[in-house]
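**Student:** Listed below are the residues making up each chain.
There are 2 protein chains.
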Amino acid sequence: MANCIIAQSGGPTAVINSSVVGLVEANNTLGIFDKVYAGLNGIEGILNGNIIELSSFSQDDINRFRYTPSSGLGSCRYKMKKLEESTEEYDRLLEILKANDIKAFFYVGGNDSMDTTAKLSAYAKETGIDVKFIGIPKTIDNDLMYTDHTPGFGSAAKFIATSVLETYLDSSVYINNGIFILETMGRDTGWLAASAALAKLNGKQVADFIYLPEAAFDVDKFLCDVKNKFEEQNQVYIVVSEGIRTAEGKFVAEAHAQSHDKFGHAQLGGVGAYLKNLIISSGITSRVKSLELGVLQRCAMHCASNIDLEEAYEVGYEALRQASLGKSGYMIGIKRENNAPYKSSYFLIEADKIANNVKYFPTEWINESGNNLKEEALEYLAPLVSEIPDIISASPMPSFKVFNK
Amino acid sequence: MANCIIAQSGGPTAVINSSVVGLVEANNTLGIFDKVYAGLNGIEGILNGNIIELSSFSQDDINRFRYTPSSGLGSCRYKMKKLEESTEEYDRLLEILKANDIKAFFYVGGNDSMDTTAKLSAYAKETGIDVKFIGIPKTIDNDLMYTDHTPGFGSAAKFIATSVLETYLDSSVYINNGIFILETMGRDTGWLAASAALAKLNGKQVADFIYLPEAAFDVDKFLCDVKNKFEEQNQVYIVVSEGIRTAEGKFVAEAHAQSHDKFGHAQLGGVGAYLKNLIISSGITSRVKSLELGVLQRCAMHCASNIDLEEAYEVGYEALRQASLGKSGYMIGIKRENNAPYKSSYFLIEADKIANNVKYFPTEWINESGNNLKEEALEYLAPLVSEIPDIISASPMPSFKVFNK
Chain W
1 MANCIIAQSG
11 GPTAVINSSV
21 VGLVEANNTL
31 GIFDKVYAGL
41 NGIEGILNGN
51 IIELSSFSQD
61 DINRFRYTPS
71 SGLGSCRYKM
81 KKLEESTEEY
91 DRLLEILKAN
101 DIKAFFYVGG
111 NDSMDTTAKL
121 SAYAKETGID
131 VKFIGIPKTI
141 DNDLMYTDHT
151 PGFGSAAKFI
161 ATSVLETYLD
171 SSVYINNGIF
181 ILETMGRDTG
191 WLAASAALAK
201 LNGKQVADFI
211 YLPEAAFDVD
221 KFLCDVKNKF
231 EEQNQVYIVV
241 SEGIRTAEGK
251 FVAEAHAQSH
261 DKFGHAQLGG
271 VGAYLKNLII
281 SSGITSRVKS
291 LELGVLQRCA
301 MHCASNIDLE
311 EAYEVGYEAL
321 RQASLGKSGY
331 MIGIKRENNA
341 PYKSSYFLIE
351 ADKIANNVKY
361 FPTEWINESG
371 NNLKEEALEY
381 LAPLVSEIPD
391 IISASPMPSF
401 KVFNK
Chain A
1 MANCIIAQSG
11 GPTAVINSSV
21 VGLVEANNTL
31 GIFDKVYAGL
41 NGIEGILNGN
51 IIELSSFSQD
61 DINRFRYTPS
71 SGLGSCRYKM
81 KKLEESTEEY
91 DRLLEILKAN
101 DIKAFFYVGG
111 NDSMDTTAKL
121 SAYAKETGID
131 VKFIGIPKTI
141 DNDLMYTDHT
151 PGFGSAAKFI
161 ATSVLETYLD
171 SSVYINNGIF
181 ILETMGRDTG
191 WLAASAALAK
201 LNGKQVADFI
211 YLPEAAFDVD
221 KFLCDVKNKF
231 EEQNQVYIVV
241 SEGIRTAEGK
251 FVAEAHAQSH
261 DKFGHAQLGG
271 VGAYLKNLII
281 SSGITSRVKS
291 LELGVLQRCA
301 MHCASNIDLE
311 EAYEVGYEAL
321 RQASLGKSGY
331 MIGIKRENNA
341 PYKSSYFLIE
351 ADKIANNVKY
361 FPTEWINESG
371 NNLKEEALEY
381 LAPLVSEIPD
391 IISASPMPSF
401 KVFNK
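As they're listed, the protein sequences go chains W and A.
Residues 1 to 405, numbered by this note's numbering, are exactly what the first sequence covers, in order.
Residues 1 to 405, numbered by this note's numbering, are exactly what the second sequence covers, in order.
Just so you know, these hints were derived from the structure itself, not from any lab.
Among the clues, some could well be false.
Copies of the same chain look alike in the list, so a pair counts if it fits in one copy or across any two.
[As the list claims (entries may be wrong)] With a cut-off of at most 20 Å between alpha-carbon atoms, the simulated SDA-like pairs for lysine to any residue come out as follows: (1) K289 <-> R77; (2) K79 <-> I175; (3) K227 <-> S369; (4) K229 <-> I284.
The following block holds chain W by itself, in its conformation from the complex (with noise of 0.2 Å):
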């Protein structure tokens, strides 16, 4: 039996190692491949000959992995070179599979990763050598085409959710409250900071207002709303993208930064900071706080949800098995079957298509004054946030594993 190899790619998420686990058990069970090795830190460290024997490391070192936040074998963000300019970098890495008797590759990323994975099929289809190329996706963005979402964005959404949840109860214990601003990550698409909208007490959302980079940001329209809502209900909680932009498509921070820049001033941290300052400026009140979320929201496996781990290893298992089929050149995608009961299924698409393409939040589930989401943005996030696993919760301190350190 021939081997098959496993990296990862771009940035964290909570549940990025679960794909591999689903890959080294699909492969356990259906027994196709004799090792599994990995490549730590991606392609570049393959290209470095940096590979370990996944497969040779004992059920409870793969246990803890399988519940392990962020790329345990590492990542990069390495991009190859386009096949026209050269094919050196694709050959060496050709030649390190065939010295590893490599027969399948699997790359867990998102658009770039598809990339790689699409351009590397490619070369090998053409020049006649037999390994198949297989991508499993993952990204807290939830912006690749095609599939229902990625893993890795359920997590990330409940988290976010849980927080504005608890941040807002946090903000309202006194007589006279304040703003609360809290900053997700998303620079191009709102599917993060529209996870906000979950959040609810009494049935009712707690956000105000919750701002995405799909809806154009207006200034003075901001600083109106959050005016009235102040002095409606003398408390105020936003939610924003960092990156929102305004109707030129300017970064709404970016812009602000840009104004300071010939001071030599420090970097003023993300659009909430930025909005911070815009709303005390205004006179509206001074009591007025921001929270960035930051890499919390893609490593918080505390407040995993389970249903994202699981489809997490689903598509690392489904991998393999496609792999096993002949199959190369696609990503595993992920279709929604039903929502109530959630049911989803896995299905190829091609890596190509992945690769070029984004996939924004829908403008028509958002409000006409863009300053809020519709009734569907709900019936798409909430069957995505489910519980935290039993085997994360029970333990008092995590006991991760990693093989990248």
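Got chain W; can you put chain A on it based on the hints?
**Tutor:** For chain A alone, kept in the frame of chain W given last:
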């Protein structure tokens, strides 16, 4: 039978409502008072007649309230005048209690609340009014004297340590990693920052340096430590308390903010952002991230420590029991009976002794370099951090209940 009243004061914690539920259920079991009232927004609310009847709510509401973070009765930062200055507020409060046939007053809070508790108790005794006043400890800062620790701290410690471990993994995925700075709360004491020491991978603490207000902070030594560590391992993880000070006792963050004030700049965030800029300016590396946990660390019920929740419940329970025995002017303290298995008991401590004291992190638990902790700190911290209660982890999104909304 007469009635009793409970109110919350100061900054919220994840477990402050559990103390209220402990008290309500103590009364259900022991049958001491007719009704349990709650003052909304602390003493400020009571003085405005803002009182509800807690014992009239359903058991379902009470159960959900027990696992709801942040002061669900509302809070205040109201300091009563000194008795020598004016007894007007004291008389008004006692009249309100009398009008509602209230014979016991319970105040959940920190130093200031214990000051209020002590003063009210003394004044009632002095004027021959039969109302008992008992304080219930609460603060994430863990800075109350005599009690082994305070309810609220264990859950904050669990969230901080867990976030340290997860963000450490997140910041470790590339071949060339950078420097990560996590800033915790704790303006006067280092208990919160210290809890980062619980974050371990493969049995080894992941934080390279932990800086507390109790050890004088020297910028040059800091940069030297960071530079050496970065050269050694191409990655540094730093935890810093917002309250770190220079040898002269000046807040490091403020020293910085002031140096920029003359230009009229907006505030640059906390000490984490300051240290980040310092490292970049010093040329060690430009790959530096800083993250402020902010209010998340005091309201993260989704990562609460069950032992903390239980103890919060028990101090509420014990407060009612002690009032029924005729005690007044005391706070309920926690005594650690055993570390493994962890066991605690409860005792009375004069509220005025708590009011005018601060419990600092023991300097003998800090290493000689002032940049890390000794084993004794871990022995103290570890038992306070336990599992997440099932009721929280099993729910896709929490169903919280508060009484001030």
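**Student:** Give the relationship of K227 and S369 under a CA distance limit of 20 Å: within one copy only, between copies only, both, or neither.
**Tutor:** within (15 Å within a copy, 50 Å between copies)
**Student:** As a check of your reading, is K229 near I284 (CA-CA no more than 20 Å) within one copy, between copies, both or neither?
**Tutor:** Answer is within; shortest intra-copy Cα gap is 10 Å, inter-copy 46 Å.
**Student:** My question is about K289 and R77: at a cut-off of 20 Å on alpha-carbon distance, are they close within one copy, between copies, both, or neither?
**Tutor:** between (34 Å within a copy, 18 Å between copies)
**Student:** Cα distance capped at 20 Å. Does K79 pair with I175 within a copy, between copies, both, or neither?
**Tutor:** between (54 Å within a copy, 15 Å between copies)
In this structure, none of the earlier numbered hints is contradicted; all agree with it.
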